[in-house]
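Okay, here's what each chain looks like letter by letter:
Number of protein chains: 4
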Amino acid sequence: MHVALDGNGTGSISGIKVRYAETDQMGFVHHSNHIIWFEIARMKLFQDNGIDIKKIEEEGLLLPVLSVEAKYISPAFYGDELNINAYFMSSTNVRIKIQYEIVNDSGKKICSGNSEHAFISRNSRNLILVPDWINKKIVRINKEN
Amino acid sequence: MHVALDGNGTGSISGIKVRYAETDQMGFVHHSNHIIWFEIARMKLFQDNGIDIKKIEEEGLLLPVLSVEAKYISPAFYGDELNINAYFMSSTNVRIKIQYEIVNDSGKKICSGNSEHAFISRNSRNLILVPDWINKKIVRINKEN
Amino acid sequence: MHVALDGNGTGSISGIKVRYAETDQMGFVHHSNHIIWFEIARMKLFQDNGIDIKKIEEEGLLLPVLSVEAKYISPAFYGDELNINAYFMSSTNVRIKIQYEIVNDSGKKICSGNSEHAFISRNSRNLILVPDWINKKIVRINKEN
Amino acid sequence: MHVALDGNGTGSISGIKVRYAETDQMGFVHHSNHIIWFEIARMKLFQDNGIDIKKIEEEGLLLPVLSVEAKYISPAFYGDELNINAYFMSSTNVRIKIQYEIVNDSGKKICSGNSEHAFISRNSRNLILVPDWINKKIVRINKEN
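Chains as they are written, first to last, in my numbering: chain A, 38 to 182; chain B, 38 to 182; chain C, 38 to 182; chain D, 38 to 182.
There could be a bad hint or two in this list.
For chains that are exact copies, the list does not tell them apart, and a pair is met inside one copy or across any two.
[To be verified] Calculated lysine-lysine pairs in the DSS-like style (CA-CA distance at most 25 Å, straight line): (1) K173 - K145; (2) K134 - K146; (3) K173 - K146; (4) K173 - K54; (5) K173 - K134; (6) K54 - K92; (7) K145 - K91; (8) K91 - K146; (9) K92 - K145; (10) K134 - K81; (11) K54 - K81.
Hints are computed from structural coordinates only; laboratory data are not their basis.
All of these numbers come straight from a predicted model, not from anything done at the bench.
Whole structure, please, built from the sequences with the hints as guidance.
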């Protein structure tokens with residue numbers, strides 16, 4: 038891979054409008070959707086830092102989720118516009134950890150969380166070391182911040 | 038493919054319990070879920086008639102959806118247990134048409150619909166003729182019924 | 038309801054970015070998501086024409102889906118940016134019909150469809166006539182176009 | 038509420054068949070679905086222990102999710118049949134904690150996790166103490182096990 042990493046280790050998505058289909062009969066958003074919103078921000082984080090998931094997959098690598106945690110602080114409602122921030126928390130040779138915050142259009146924090154990821158080979162499903170250029174970048178980001 | 042077709046052209050799934058996550062803020066099931074339930078019954082229909090989607094995909098074929106129609110007759114509620122029936126309606130050289138009915142545990146019809154499908158090659162995304170053994174089978178089923 | 042209708046009978050959503058979670062193992066978007074995208078455009082159509090679903094629901098009315106049809110013309114892929122247009126097709130005393138078109142960022146049409154809706158009372162679940170101001174508006178839009 | 042608690046503090050759902058729609062383009066189940074499967078097992082756990090979510094909601098109470106954690110141990114594939122177990126981990130005056138394990142039809146553990154829940158009033162959205170009969174029951178279950 039010959040992709041330059043230009044980002045600063047954060048990714049931010051604004052204007053995610055809550056979909057009617059994301060609500061449940063409690064009258065607000067079902068908690069599984071926040072996990073999908075994390076993913077949207079994670080993909081933006083990767084993209085902003087020169088990590089192109091489409092290319093990674095074309096090269097036969099996958100980046101599945103090892104773990105996810107979410108704390109639901111306040112409900113999200115149909116029509117809310119959300120800002121989602123993602124940050125690299127840490128990276129080792131085998132896993133990348135990312136942190137998330139979701140804030141609504143009134144500035145209220147509605148959810149925070151994190152996820153861990155590893156690279157695997159699509160064919161063998163074996164674990165692959167985090168590519169060195171990604172690992173170095175994330176370590177450096179964490180030192181700087 | 039050397040799979041025998043043993044079914045009678047119908048597939049039936051019983052005991053699909055409505056999930057909480059499938060409801061929306063109207064207090065009943067969001068209408069996109071019926072499309073997913075159709076798929077569950079379609080997969081059962083294929084399986085019951087010797088058409089194994091996993092094998093088809095391993096051979097490099099895909100069977101995407103060309104069209105879908107659904108009529109929502111009565112709402113489905115969290116906790117309802119649904120029966121879903123699928124039938125082969127017709128088959129041509131290039132497309133298969135399937136019909137669906139969803140009935141709840143009180144015997145009330147909640148939804149009917151249909152979908153059309155074609156085989157494509159995973160790599161080229163070109164249209165493939167419906168494999169002869171599948172087409173013959175479906176034509177025969179329709180004559181018999 | 039004392040809401041002025043200012044729209045022209047069309048609603049358009051641009052920049053709906055395909056989510057990773059919306060793909061399936063065929064490698065492109067699962068067909069149930071287009072139904073949810075229709076809804077996003079429908080809500081925008083209502084909003085642009087002064088029909089506020091939140092207010093309607095607070096007044097004890099619901100606007101469920103009676104039917105939906107979708108034709109899948111071309112696959113949508115992770116990362117695609119979609120434009121979704123919605124138009125009022127027709128309105129009677131009891132139902133509203135809406136048409137949809139989804140186009141990707143290369144200008145390729147990927148899906149078209151329509152849906153029908155009726156007003157019901159949240160409590161009784163009885164059918165309610167389409168409020169006169171909505172019906173008149175839609176009839177007028179259809180005459181003009 | 039005059040519901041007797043007859044369960045033993047565990048709930049188990051077997052035969053959850055992985056839906057095609059639950060896969061993503063990695064070729065296995067998207068990680069947001071495990072959160073929904075946890076919910077299915079949680080609802081079974083509540084039901085088996087005499088806690089009826091439908092009745093609770095009719096009484097104006099909601100039981101939203103405060104937090105969720107999932108560890109993804111092995112991928113789940115389309116067609117897999119899953120067993121999901123849920124256990125009461127602990128209960129305080131204000132929150133209930135539940136643990137989950139998902140095992141596939143080969144006996145392989147694919148996911149474990151937990152979630153925390155609190156009762157709130159539907160109208161005021163204020164926190165409500167965990168009803169005494171539920172709290173006592175859960176404390177007793179934990180002593181016995």
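Status of the hints after comparison with the structure:
For the identical chains of this complex, K173 and K145 are neighbours neither inside a copy (34 Å) nor across copies (35 Å), given an alpha-carbon limit of 25 Å. In this homomeric assembly, K134 and K146 come within 25 Å of each other (Cα to Cα) both inside a single copy, at 21 Å, and across copies, at 23 Å. For the identical chains of this complex, K173 and K146 are neighbours neither inside a copy (31 Å) nor across copies (33 Å), given an alpha-carbon limit of 25 Å. With identical chains, the CA atoms of K173 and K54 are never at most 25 Å apart, being 35 Å at best within one copy and 30 Å at best between copies.
Only within a single protomer do K173 and K134 lie at most 25 Å apart by alpha-carbon distance; the minimum there is 14 Å, versus 38 Å between protomers. With identical chains, the CA atoms of K54 and K92 are at most 25 Å apart between copies only, with a shortest distance of 18 Å across copies and 28 Å within one. Taking the shortest alpha-carbon separations for K145 and K91, only the inter-copy value of 20 Å comes in at or below 25 Å, while the best intra-copy value is 33 Å. For the identical chains of this complex, K91 and K146 are inter-copy neighbours only, at 22 Å across copies versus 31 Å inside a copy, given an alpha-carbon limit of 25 Å.
Taking the shortest Cα distances, K92 and K145 sit within 25 Å of each other only across copies (23 Å), while inside one copy they are farther apart (36 Å). In the homo-oligomer, the alpha carbons of K134 and K81 lie at most 25 Å apart inside one protomer (15 Å), although the nearest pairing across protomers, at 33 Å, exceeds that limit. In this assembly of identical chains, K54 and K81 lie within 25 Å of each other by CA distance both inside one copy and across copies; the values are 16 Å within and 11 Å between.
When held up to the earlier numbered hints, the structure conflicts with 1, 3, 4 and fits the remainder.
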